[in-house]
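> Each chain is listed here by its residues.
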Amino acid sequence: MNKYLVTFILFLCLFIGVAQAKIELHQFENNQQQQLYKKLSEQLRCLVCQNQNLADSNAELAKDMRKKTYQMVVENQSEQQILDYWVERYGDFVLYNPPFKAQTLILWLGPFVFLLLAIFIAYRLVKASKQKEQSAEELQVDEQAHAAARDLLEK
Amino acid sequence: MKKFIPIAVFVLLVGLLGFGLTNDPKKVPSPLINKAAPTFSSSTLFEQQSFSSEQMRGKVWLLNVFASWCPSCRQEHHNINQFVMNNKTPVIGLNYKDEISDAEQFLEQFGNPYQLVALDPQGQVGMDYGVYATPETFLIDKKGMIRYKKIGPLSEQDLTQEIPKLIAQLEAESAK
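If you read the sequences in order, they're chains A and B. Under this note's numbering, the residue at position 143 of the first sequence is numbered 143, and the numbers go up by one with no gaps. Under this note's numbering, the residue at position 7 of the second sequence is numbered 7, and the numbers go up by one with no gaps.
In case anyone wonders, no lab produced these hints; they're calculated from the structure. Quick caveat: nothing in here was measured; it's all calculated off a predicted structure. Among these hints, one or two may not hold up.
[Unchecked claim] In silico EDC-like cross-links for lysine to aspartate or glutamate, where the CA-CA straight-line distance does not exceed 20 Å:
1) B:Lys-97 - A:Glu-29
2) B:Lys-88 - B:Asp-158
3) A:Lys-68 - A:Asp-84
4) B:Lys-27 - A:Glu-60
5) B:Lys-143 - B:Glu-173
6) A:Lys-68 - B:Asp-128
7) A:Lys-63 - A:Glu-75
8) A:Lys-155 - A:Glu-138
9) B:Lys-27 - B:Glu-162
10) B:Lys-35 - A:Asp-64
11) A:Lys-63 - B:Asp-128
12) B:Lys-149 - A:Glu-88
13) B:Lys-165 - B:Asp-128
14) B:Lys-142 - B:Glu-99
15) B:Lys-97 - A:Asp-84
16) B:Lys-27 - A:Glu-88
17) A:Lys-101 - A:Glu-75
18) B:Lys-35 - A:Glu-143
19) A:Lys-67 - B:Glu-162
20) B:Lys-35 - A:Asp-84
21) A:Lys-38 - A:Asp-64
22) B:Lys-149 - A:Glu-24
23) A:Lys-39 - A:Asp-84
24) A:Lys-155 - A:Asp-92
25) A:Lys-63 - B:Glu-99
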């Protein structure tokens, strides 16, 4: 029994090794640094596999970028300094959250323009259908008045 | 008038989609164009001397980032060989994240068009130049400014028309 248990535990240890091999271990001086690193690696785009952030990507370049980001975090550089470092080299595209400026105006304001457009069209439609109802009512009233008038004339 | 609104919307949409489709998202615009090329110094392949990008001040030159493990570098290599036969502009190679022996073998096998090859085994220089997909090529002017960047393999047309034309322009500029 004991022999099996030891074998089983040894077997489990094999998997611990595998699990650790896949995770990059980073040592941080404090919790703040760790949080910043986590935040940055989720915010920065891997340029090779463009729909992944640094944290998710296993591309060679993403690994290098993570390493550099880690170094800068440990050197106590601020979030802005680190983001600037990457934007200087790879442009705004490296940011998942693009800055608000002339080139990205459509990106940021587009949805609101469409929303306003939709509200305007909806308003017009509602107004038009109301008008239709109203004129239909008016027509009915007219017919009633006609009938009344005819009645009066006939009498 | 009202009839034309759907047509206008349709044309607009087609235009937008067409623009989106003809744009290659892999070609990220480089923020480094018209900015100073990052200076670097490194050891060179073969001679193992030290090279500093400052040495190229006052010259118009090409920096070609390549690696022996990169198939599209092989594809453009012949074109670069042709280019250096017909042009005087120095081409400096930047051997990106490669093994020295592999790089040497690569150049022995396919020819060596480079005036010298700077080594960047860790990819740090590449990172400073915003390299994310080898091969990439930079055209740097006399003042050390990046004036042109090509992502991906250089075609014969790039090297016989577009780049020589740009070089002629840059050569006419003064170094100050």
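> Flag every earlier hint the structure violates by its number, smallest first.
1, 8, 10, 13, 14, 15, 17, 18, 19, 22 and 24
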